[in-house]
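Engineer: Sequence:
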Amino acid sequence: MTVLVINSGSSSIKYQLVNPETGESIASGLVERIGEPEGHIEHNYNGTTTDINEPVPDHGVGLREVIRLFNEVGPNLDEAGIKAVGHRVVQGGKHFDKAAVIDDRVEGLIEELIPLGPLHNPAHLKGIKVARELFDVPNVAVFDTAFFQHLPAEAATYAIDREVADKYQIRRYGAHGTSHQFISRKVTEILGRDDLKQIVLHLGNGASVSAVVNGEAVDTSMGLTPLEGLVMGTRTGDIDPAAVFHLARQAGMSIDELDTLFNKQSGLKGLTGSNDMRSVWEMAHAGNENAIEALEVYIHRLLKYVGSYTAVMGGLDVLTFTAGVGENSWETRKMLLDRLAPFGVKYDADKNMVRSKEPREISTSDSAVTVLVVPTNEELSIAQQAMEVI
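All residue numbers for the sequence shown refer to the working numbering, where the first residue is 1 and numbers rise by one.
Hint data in this document are derived by calculation from the structure and do not stem from the laboratory.
None of the values given here were measured: they were computed from a predicted structure.
Heads up, a few of these hints could be off.
Straight-line C-alpha distance at most 20 Å; calculated SDA-like pairs for lysine to any residue [said to hold, decoys possible]: (1) 304 x 331; (2) 346 x 365; (3) 334 x 317; (4) 197 x 312; (5) 126 x 11; (6) 357 x 191; (7) 264 x 279; (8) 346 x 299; (9) 126 x 67; (10) 98 x 172; (11) 129 x 256; (12) 98 x 169; (13) 197 x 364; (14) 14 x 25; (15) 334 x 307; (16) 126 x 22; (17) 126 x 136; (18) 94 x 118; (19) 98 x 223; (20) 269 x 312; (21) 126 x 138; (22) 14 x 36; (23) 269 x 351; (24) 334 x 346; (25) 269 x 292; (26) 94 x 164; (27) 351 x 366; (28) 94 x 152; (29) 98 x 264.
Assemble the whole structure, with the sequences as input and the hints as a guide.
Structural biologist: See below:
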């Protein structure tokens with residue numbers, strides 16, 4: 001039994017064939033530079049990578065090539081027991097609190113939500129429309145926002161005019177929900193408890209934090225869009241909204257220019273010139289003052305969220321690091337955990353420095369909080385959620 005997971009971007013398609021029961025990734029690949037003169041397709045199966053460099057005019061051609069590669073290189077989809085195609089969709093708005101089998105109504109609602117997800121939902125729709133034509137199995141939309149759909153009103157509500165908020169659907173939607181849901185569930189399995197007060201730190205180029213009590217999300221750092229919250233690779237995270245008014249009036253910047261500045265030219269990139277945490281640490285070790293300050297800003301923001309979410313939950317049982325930076329940057333973990341020492345958080349320095357693809361505890365036995373590093377697997381999460389609704 002398998003699920004084909006598709007993440008369709010504006011000019012790319014990432015895919016993975018997953019066994020939702022065992023978690024095995026059977027095959028994976030990427031179609032990129034769709035619509036450009038020189039396209040590229042990569043298919044990975046059984047330890048072998050097949051590369052094709054040829055124009056890919058549109059998503060339809062790309063997915064047909066993917067099907068051809070499955071049939072010719074393997075594994076044959078007819079023999080792989082494919083039960084569903086799971087699509088990652090960033091914005092589900094107020095309509096979806098779980099995955100949904102895609103029919104015309106669901107597709108229409110995803111299109112209706114484009115104003116809330118202008119960068120992502122149109123791209124997802126391209127993949128959905130083609131996949132519904134090509135695959136004779138249920139297509140399922142799995143939403144990044146679904147895990148946070150039922151946040152308490154006190155966490156989801158912005159203090160602006162209610163009529164404006166209702167008319168334009170302005171609230172905290174969150175993002176990275178597939179990862180936060182997967183990790184928080186995994187933690188309950190690891191610790192054998194479902195009554196936990198958890199903080200999950202999804203630290204990658206995009207970064208977010210969630211507070212989860214008894215398996216239910218009660219707060220998250222990303223808001224109406226993925227811009228709010230932590231310092232990220234290229235995004236500002238939290239910033240006074242009046243900075244927009246100031247730059248528009250004083251610098252003459254347009255809405256599109258401000259959007260680009262805040263989403264693509266800020267965060268670690270804006271502070272150091274690089275959005276790669278490894279490069280930032282290298283610069284910091286070399287004495288680069290901008291990099292040193294950037295790390296302080298990054299950790300300061302994390303510390304504020306850990307502290308506030310602990311207060312929101314009335315305590316903290318477990319703190320979990322995940323995603324590219326969270327899983328692999330021992331120095332970033334150390335920097336935050338050292339700041340949490342006054343609150344009884346203790347960790348094993350040697351365990352913290354270990355790199356592994358397996359979940360692991362790095363806190364000591366006398367720590368006031370259990371500290372874990374758990375690799376995320378959003379593709380597996382999508383596959384499992386797809387199977388839950390078909």
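Engineer: Now look at each hint and say whether the structure bears it out.
Structural biologist: To see whether the hints hold, each was checked on the structure:
For the proposed pair residue 304 and residue 331, the alpha carbon gap of about 19 Å is at most 20 Å, so the pair holds. Straight-line distance between C-alpha atoms of residue 346 and residue 365 comes to about 8 Å, which keeps the hinted pair within the 20 Å bound. Between residue 334 and residue 317, the direct Cα distance comes to roughly 19 Å. Compliance with the 20 Å bound is thereby established for this hinted pair. The straight-line distance between the Cα atoms of residue 197 and residue 312 is roughly 10 Å, inside the 20 Å bound, and the hint therefore holds.
Between residue 126 and residue 11 the CA atoms are separated by roughly 10 Å; this keeps the pair inside 20 Å, and the hint holds. A hinted pair counts as satisfied when its Cα atoms are at most 20 Å apart, and residue 357 with residue 191 qualifies at roughly 18 Å. For a cut-off of 20 Å, the pair hint linking residue 264 to residue 279 stands: about 17 Å separates their Cα positions. Annotation: proposed proximity of residue 346 to residue 299 holds, straight-line Cα distance about 17 Å (limit 20 Å).
A threshold of 20 Å between alpha carbons decides the hint, and for residue 126 with residue 67 the separation of about 16 Å falls inside it, so the pair holds. Among the hinted pairs, residue 98 with residue 172 is consistent with the structure: their alpha-carbon atoms are about 17 Å apart, no more than 20 Å. Straight-line distance between C-alpha atoms of residue 129 and residue 256 comes to about 28 Å, which puts the hinted pair past the 20 Å bound. Taking the CA atoms of residue 98 and residue 169, the gap is about 19 Å. The hint holds against a cut of 20 Å.
Between residue 197 and residue 364, the direct Cα distance comes to roughly 19 Å. Compliance with the 20 Å bound is thereby established for this hinted pair. A hinted pair counts as satisfied when its Cα atoms are at most 20 Å apart, and residue 14 with residue 25 qualifies at roughly 13 Å. Taken as a hint, the residue 334 and residue 307 pair is honoured in the structure, with Cα atoms around 17 Å apart against an allowance of 20 Å. At most 20 Å may separate the alpha-carbon atoms for a hinted pair to count; residue 126 and residue 22 exceed this at roughly 30 Å.
In summary, the hint linking residue 126 to residue 136 is supported, as the alpha carbons are separated by about 17 Å, within the 20 Å threshold. Only pairs whose Cα atoms come within 20 Å are accepted, and residue 94 paired with residue 118 is accepted, the gap being roughly 16 Å. Only pairs whose Cα atoms come within 20 Å are accepted, and residue 98 paired with residue 223 is accepted, the gap being roughly 18 Å. For a cut-off of 20 Å, the pair hint linking residue 269 to residue 312 is broken: about 31 Å separates their Cα positions.
Under the criterion of a C-alpha separation no larger than 20 Å, the hint pairing residue 126 with residue 138 is consistent with the structure, at around 17 Å. For the hint pairing residue 14 with residue 36, the CA-to-CA distance comes to about 17 Å; that is within 20 Å, so the pair holds. Simply put, residue 269 and residue 351 have alpha-carbon atoms about 30 Å apart, too far for the 20 Å limit, and the pair is violated. Of the supplied pair hints, the one linking residue 334 and residue 346 holds, its CA atoms being roughly 10 Å apart against a limit of 20 Å.
Between residue 269 and residue 292 the alpha-carbon distance is near 13 Å, which keeps this suggested pair within the 20 Å criterion. Restraint check: the Cα-Cα separation between residue 94 and residue 164 comes to about 16 Å, which is no more than 20 Å; the hinted pair holds. For the given pair, residue 351 sits about 15 Å from residue 366 by alpha-carbon distance, which is consistent with the 20 Å threshold. Proximity of residue 94 to residue 152 is assessed by CA-CA distance (about 14 Å); at most 20 Å being required, the pair is judged to hold.
Proposed proximity of residue 98 and residue 264 is contradicted: the alpha carbons are some 30 Å apart, above 20 Å.
Hint check: violations occur at hints 11, 16, 20, 23, 29; the rest are consistent with the structure.
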